[in-house]
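Enquirer: Knowing the structure of chain A, use the given hints to seat chains B and C on it.
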Amino acid sequence: MQVLVLVFINIILAISLNLVTGFTGQLSLGHAAFMGIGAYTSAILTLKASIPFLPALLLGGILAAIFGVIIGIPTLRLKGDYLAIATLGFGEILKIIELNLKITGGTVGLRGIRQETNIWVVSVAVVITIFIIYRIMKSRVGRSFIAIREDEVAAEAMGIDTAKYKVLAFAVAAFFAGIAGGLFAHFYRYINPNSFGFSRSIEILSMVVLGGMGKISGSIVGAAVLTAAPELLRSISAYRQLIYGILLVVMMIVRPEGILGDVDVKIPIQRKLEKLLNKNS
Amino acid sequence: MFFQQLINGITLGSTYALIALGYTMVYGVLKLINFAHGEIYMFGAFVGMIMVTTFRLSIIPAFIISMLLSSLLGMGIEMIAYRPLRKSTRITALISAIGVSIFLQNLGILIMGPATRPFPRSIRSYYVNLGAIKIDILQIIILIVSIILMVALHLLVKNTKVGKAMRATALDKDAAYLMGINVNRIITITFAIGSALGAAAGVLIGLYFNSVSPLMGSMPGLKGFVAAVLGGIGNIPGAMLGGVILGVIETLGAAYISSAYRDAIAFAVLIIILLVKPSGIMGVNVREKV
Amino acid sequence: MALLEAKKLTMTFGGLMAVDSVSFNIEQGEILGLIGPNGAGKTTCFNLLTGIYQPTSGEILFKGENLRGYKTYEVTKKGIARTFQNIRLFGAMTVLENVLIGQHCRTKTGLFGAITRLGSVKKEEENAREKAEELLKFVGLLEKKNEKAKNLPYGEQRRLEIARALATDPELLLLDEPAAGMNPQETNDLIDLIKQIRQMGKTILLIEHDMKLVMGICDRIVVLDYGKKIADGTPKEIRENSRVIKAYLGDPD
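The listed protein sequences derive, respectively, from chains A, B and C. Under this note's numbering, think of the first position of the first sequence as 1, with each following residue one higher. Under this note's numbering, think of the first position of the second sequence as 282, with each following residue one higher. Under this note's numbering, think of the first position of the third sequence as 572, with each following residue one higher.
So here's chain A without its partners, still in its complex pose:
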């Protein structure tokens, strides 16, 4: 059960990173930082301000989204690899701040966070995340994200305010990463800055890459495989990071479209799901 909770949290992280990197084409290496903001915010609110879990969780997501905008706006002028490095830099700065602030507990982190996350809570959160991201991607907004990835100059020439949409992608992704962080904090009951560093960002990126960039179903599969495998096969868990490294290289060379392949595989359940998602609510 514990593995399943972690799988679900990682699905939220992978889908949200996919929104920025896979769909909008902006490589972000600081996704874990947004997770950290959500985790710390919600944990501090439940721990020190006795705010109920749900509002605390949402506030964590919202603060992460605000940071997404703050980071998104200045980095907009950057393209591709520069953007990647800038997001990495922001992530590291945030981590260093978390290491040095009193309210975040410094290097020790925060202990004794209330246990609020369980399998039901994360299930609902995953379903809501998939629903919202799916709907965004099948709309005018989502099309604009993909257009930016495909050709930014042409997207702008077609009337898309590319700057606005890139910030929007960052903000939405940061929101869900923040929610995932809040769920994480209230599941493990203990957080420290190292949970939200560069290696976590790479872990999330590996999930997105494995499943295929720009595919929601891919992120679900990628997160499930990479989370469950090291938990179930204890023998490989020591080589976890090593495997992420090999995975990134091999996937890029052999199968950049992800393990699911170029065609978005549609299993029967998925078809039904899509029908359901497309139905007017």
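Some hints could be false.
To be verified - Capping the alpha-carbon separation at 16 Å, the derived lysine to aspartate or glutamate pairs in EDC-like fashion look like this: (1) A/Lys138 - C/Glu695; (2) A/Lys138 - C/Glu645; (3) A/Lys138 - C/Glu696; (4) C/Lys719 - A/Asp161; (5) C/Lys642 - A/Asp161; (6) C/Lys716 - C/Glu701; (7) A/Lys164 - A/Glu152; (8) A/Lys164 - C/Glu697; (9) C/Lys579 - C/Glu630; (10) C/Lys721 - A/Asp151; (11) C/Lys648 - A/Glu231; (12) C/Lys715 - C/Glu705; (13) C/Lys679 - A/Asp161; (14) C/Lys642 - A/Glu116.
Calculated from the structure, these hints are not laboratory results.
Expert: What follows is chains B and C alone, placed relative to chain A:
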């Protein structure tokens, strides 16, 4: 106090400059941030340390062997992880480079263990006293070695046939190829030289701080990149200047503002420079062709 | 009043004068050709008109309004759309989606609407699809609506770019070498298409090297050479203009 810190900063900065050169050269020819460069630096430091401890070599042959082996590593990385992606998008190649970096770092942990190991000080301790300032002979050596390597690189790129071919490849790979330049060979040479310089920095820093560890490459690697961007990426004198400036800013910042935020300073510098002048101090703005 | 007035447009890159004090008008409903040897500054002119570059000096008036300072997407919304010389479609998206993107600036759905999918949002999406299909039918690509843009043959990609530009509902359509790489049959079809677009009430500015096309459909032609305007007149006048002949064929001396 201030001058002491300044000298410490310049010493640190000259090693950043050596690392930055590797980034800048590779970026120049491939438009790729060679993320694994920090790990090559780490590898170089380990080779140097092992040569001195296990093989009981003196520091100069250890230094040279480290540079040679690291250039082989650099060439191998390029052939395996980057060459198949030459025609892919830049984001694809960058992800592959990140993969190589993570892989090497963890391979290092697996083989050498995660702990920090000492790098025996194989140079006699000697301090130059200039009034209140105390300069370690090692600092002077680092500075001199860095300058020699940088000048050698500069002359190589400016005056030799290989250097000319490198510059041509950086400007336009296809045109260079049509002019009869073996582009693959030039890229290989670029990786070899860049990696050798990274390894040199690794050995020097290993000596200076008397320690090596599998994780030692990630921060200096990133800072080397920041230095390259600060100076103007793709620009060799820019990388040297950027390295020294970054080293000084970081050391002074740590001394006078807060040492807890030491690593944040470099990233703050990066973000500011990217926003204010993304082409760096010595770079030229390139406009995207529509 | 002319639909668009370019007044002493100048654009320098470093020391290079890519466009040097060029003035011309585009009248409502006409087809204006912009020609000149390679490197004459034609595409730079397009980039100036669409806000990709801001002119070093000079101004552009569109329906009397100065376009200085407007970003590309704002210019598109004001009613100027373009195609690209080196086709820039959204390759991984379907043909239909490409045309839907063209309608971006004429539709409104935001994040909230996308998630809730209220009645008005569904209606807007349906209308956009209908309009996209109409445009695809117009350029003859309706049967291919679900194919990926990058899988279309070259000539069809050019037509798709035109459909996508038309989807922005422009008053002025800029076509950058629409016949490049087309065979004579495709070029003839293109000429018919451009004439039909004019009949829809659109004004067209086109860059083209295919003289049969230029002379055949343009009401008026502006000739650039080394960034300067060297002639402006009807196809007949241009054909007989000695400066134009010299620019294209070189000085007989």
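Enquirer: If a hint holds in the structure, say so; if it does not, say that too.
Expert: Against the structure, the hints come out as follows:
A distance of roughly 13 Å separates the Cα atoms of A/Lys138 and C/Glu695; the hinted pair therefore holds under the 16 Å criterion. For the given pair, A/Lys138 sits about 24 Å from C/Glu645 by alpha-carbon distance, which is inconsistent with the 16 Å threshold. Restraint check for A/Lys138 and C/Glu696: the C-alpha separation of about 10 Å stays at or below 16 Å, so the hint holds. Distance check on the hinted pair: C/Lys719 and A/Asp161 sit about 24 Å apart at the alpha-carbon level, beyond 16 Å; violated.
Restraint check for C/Lys642 and A/Asp161: satisfied, since their Cα atoms lie roughly 9 Å apart, inside the 16 Å limit. The hinted pair formed by C/Lys716 and C/Glu701 meets the criterion: a straight-line CA distance of about 12 Å does not exceed 16 Å. Simply put, A/Lys164 and A/Glu152 have alpha-carbon atoms about 12 Å apart, close enough for the 16 Å limit, and the pair holds. With a C-alpha separation of about 25 Å, the suggested pair A/Lys164 and C/Glu697 falls outside the 16 Å cut-off, and the hint is violated.
Restraint check for C/Lys579 and C/Glu630: the C-alpha separation of about 7 Å stays at or below 16 Å, so the hint holds. Note on C/Lys721 and A/Asp151: the hinted pairing holds, with a Cα-Cα distance of about 12 Å set against a maximum of 16 Å. Between the alpha carbons of C/Lys648 and A/Glu231 the distance comes to roughly 53 Å, so the proposed pair goes past 16 Å and is violated. In summary, the hint linking C/Lys715 to C/Glu705 is supported, as the alpha carbons are separated by about 13 Å, within the 16 Å threshold.
Our distance criterion of 16 Å between C-alpha atoms is met by C/Lys679 and A/Asp161, whose separation comes to about 13 Å. For the suggested pair C/Lys642 and A/Glu116, the alpha carbons sit about 48 Å apart, so the restraint of at most 16 Å is broken.
This entry does not satisfy hints 2, 4, 8, 11, 14, going by the numbered hints stated previously.
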